[in-house]
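Engineer: Residue numbers (the UniProt record's numbering), protein chains in the order written: chain A, 1 to 332; chain B, 1 to 337.
Treat the hints with care, as some may be off.
What the hints assert, rightly or not - The calculated label-pair distances, taken between Cβ atoms and stated as ranges, are:
(1) 305(B) - 203(A): 25 to 33 angstroms
(2) 166(B) - 156(A): 33 to 41 angstroms
(3) 252(B) - 331(A): 51 to 59 angstroms
(4) 19(A) - 166(B): 40 to 48 angstroms
(5) 88(A) - 163(B): 23 to 31 angstroms
(6) 336(B) - 87(A): 57 to 65 angstroms
(7) 207(B) - 154(A): 38 to 46 angstroms
(8) 88(A) - 333(B): 52 to 60 angstroms
(9) 128(A) - 276(B): 48 to 56 angstroms
(10) 123(A) - 163(B): 14 to 22 angstroms
(11) 13(A) - 207(B): 25 to 33 angstroms
(12) 304(B) - 128(A): 54 to 62 angstroms
(13) 252(B) - 87(A): 56 to 64 angstroms
(14) 195(B) - 199(A): 26 to 34 angstroms
Keep in mind the hints are simulated off the structure, nothing from the lab.
All figures in this text were calculated on a predicted structure; none of them were measured in a lab.
Just so you know, even glycine gets a beta-carbon here, dropped at the ideal spot from N, CA and C.
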Amino acid sequence: MAENPGTPLLDVRGVTKSFGHGRRRLTAVDGVDIRVERGQTLGLVGESGCGKSTLARVVLGLERPDAGSVRFDGTDPFTLKGRELLAWRRRVQMVFQDPFASLNARMSAADLVGEPWRTHRDIVPTARERDRRVHELLSLVGLRESDAHRYPNEFSGGQRQRIGIARALALEPDLIVCDEPVSALDLSVQAQVLNVLSELRERLGVSYVFISHDLSVVRYVSDRVAVMYLGKVIEHGRADDVFDRPLHPYTAALMSSAPRLEVSGAAHDTEIPLRGEIPSPYGIPSGCRFRTRCWKSEPRCAETAPAAISREPAAHTGREPHEALCHFPLDG
Amino acid sequence: MKPSALPSPTATGRPALEVEGLRVDLHTPSGTVRAVDGVGFGVHKGRTLALLGESGCGKSMTALSIAGLLDPVAEVTGGSVRVSGTELVGLGRAERRKLAGPVLSIVFQDALAALNPVQPVGRQLAEPFRIHRGLSRRQAAEKAVELMTRVGIPEPRLRARSYPHQFSGGMRQRLLIAMAVALDPDVLIADEPTTALDVTVQAQIMRLLRDLQTERDMALVLITHDLAVVARHADDVVVMYAGNVVEAGPVREVFSRPRHPYTRALLDSVPEHAVRGRPLPAVPGSPPELSAVPSGCVFQARCPLADDRCARERPALEPVGASRSAACHFSEELDRG
């Protein structure tokens, strides 16, 4: 379906989005760049209020950015109208966090999966074709044909999330935005759903923007990772580079705070404690926005906002950049 | 009597909390189901025990029955809960209330729901001192400010007049912890205390809990579904599935050499060591409904090792090694790899 194979599938540059007016103006996303290549997964990491969901809404075309540009397969979706807009919308779909809240309890699995076709009428024309396609989609996500006539309350959390994924796939999208797709699921079921997502990537070549607070999940699914803090991407790079050799102190602290499985009495020594909590987005600190919690901060951090610094990528990674916004990056 | 998670070799004397053969039934419109089926364990002062399991496994129900806070549709139908030697099962409401605070207390997951929204937090924190210690309003208020200082609330004197909604999630959790430790309980139960919080705040809260535990020599029971929290913060772990204890023992040993297929499956499901592009070793299916727990082994339907015997006969929780126990017909085989 890719029409412009030379360009990235999604190219977001300098996107800013604010809400409210005057003193109650809140800049949720502030000059953010992200890129997703075809068939790849971008992990979006950050704590609540960092702007990751607003950014996802911009990518889905649900929020128009105040500044900056969004290019999807080379086109700016915000210039599209009518049929062209409708045709674009089917190429970007979403999987929601809560499979209990996001499915209409009065619709059967088949109706839920087929509902998008009522808007996008040209995709599956005949009734017979429709049934065949529903069964195909259900089996793609590991459900049975006989599940088609069951209702959401007859499914477990993991099965509901599979329905949510099948529904997103119904329009054959190029990109799926997954907003915490497994965080409402039990651990033993979470692995099943992650496997479905990566299988689909293999088979259909679909790309993902994968939002999660669970760092081990993000590392497992992502090719590249962007770390957000108070509306800015403060570090991005190949997943292994960002996880193994973080540049930004916030990334390092986030990684160290996330509890790990290894049972080790020394774990507490490696944990980097952060001061305080995330400042209110109405009162973003001057200069570097992380400085109020950073153990490396110096007067300069309050005066000027840090520019992007980059690290020479390791030889085997090719030329994929690894960048961070920091005056005093870590040596790694 | 079912064997419990045996006290660790380093701890001496009697555990501060002893639970034996605890059974809880739920009376639902479609019949009575067993939510907790013979759960037992012991926790010494200064030690942390984690009750680990997925949603619906009965871990929270166990915690609530220990605290005497079960919903009216749930009923403790058997077993014993002793805190510092006092039997709690069968105790009347008034006697329970005397123990709630000075002997046993609980921290809930949702701090906003657990605090009174229409009362300043200082008043709420002062309450235990007024009720249990009979302090005057002024003395109790002073104690409340001390507590707020201890749990790291900035400008405590000023903030004592604020209402719960005026605090962040992390600060509210600190207030709840302050209230729980106000009267120096012997046993503190924390039910998913950090689940609703961001990771950097989670780390702060866990550190606070640990510091308070050491400082006040409390036995801590951590209810969680998060394996990594258990690995980092608990000494012993009790793994629950469908209302039953399937494995128990020191975290270090259980996590490095699980003796129950469910524990092993849980550990395998964590993507921490997984290689990108390779499928995770997922367990098929999902936990059984409480109304449809099989008569044999509770995990048989999802277990790769299950055979006829597992369908016929429920394995008892038997000692495996010095301070561990597991409920599996194949726990020996698991140990050999």
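Engineer: Against this structure, judge whether each hint is valid.
Structural biologist: Against the structure, the hints come out as follows:
Take residue 305(B) and residue 203(A): their Cβ atoms lie about 31 angstroms apart, and the range 25 to 33 angstroms holds. Checked against the hint of 33 to 41 angstroms, the C-beta distance between residue 166(B) and residue 156(A) comes to roughly 39 angstroms, which is consistent with it. For residue 252(B) paired with residue 331(A), a C-beta distance near 32 angstroms fails the hint of 51 to 59 angstroms. A beta carbon spacing of about 22 angstroms between residue 19(A) and residue 166(B) contradicts the range 40 to 48 angstroms that was offered as a hint.
A hinted range of 23 to 31 angstroms is violated for the C-beta pair residue 88(A) and residue 163(B), which are about 47 angstroms apart. A hinted range of 57 to 65 angstroms for the beta carbons of residue 336(B) and residue 87(A) is consistent with their spacing of about 59 angstroms. At roughly 43 angstroms, the beta-carbon separation of residue 207(B) and residue 154(A) lies within the given 38 to 46 angstroms, and the hint holds. Judged by the Cβ atoms, the range 52 to 60 angstroms given for residue 88(A) and residue 333(B) holds: they are separated by roughly 56 angstroms.
The hinted range of 48 to 56 angstroms is not satisfied by residue 128(A) and residue 276(B), whose Cβ atoms lie roughly 40 angstroms apart. The supplied range of 14 to 22 angstroms is broken by residue 123(A) and residue 163(B), whose beta-carbon atoms lie about 52 angstroms from each other. Checked against the hint of 25 to 33 angstroms, the pair residue 13(A) and residue 207(B) fails, with Cβ atoms roughly 40 angstroms apart. Between residue 304(B) and residue 128(A) the beta carbon distance is about 40 angstroms. The supplied range of 54 to 62 angstroms is therefore violated.
Hint check: residue 252(B) to residue 87(A), Cβ distance near 57 angstroms, so the stated range 56 to 64 angstroms holds. The beta-carbon spacing between residue 195(B) and residue 199(A), approximately 29 angstroms, falls within the hinted interval of 26 to 34 angstroms.
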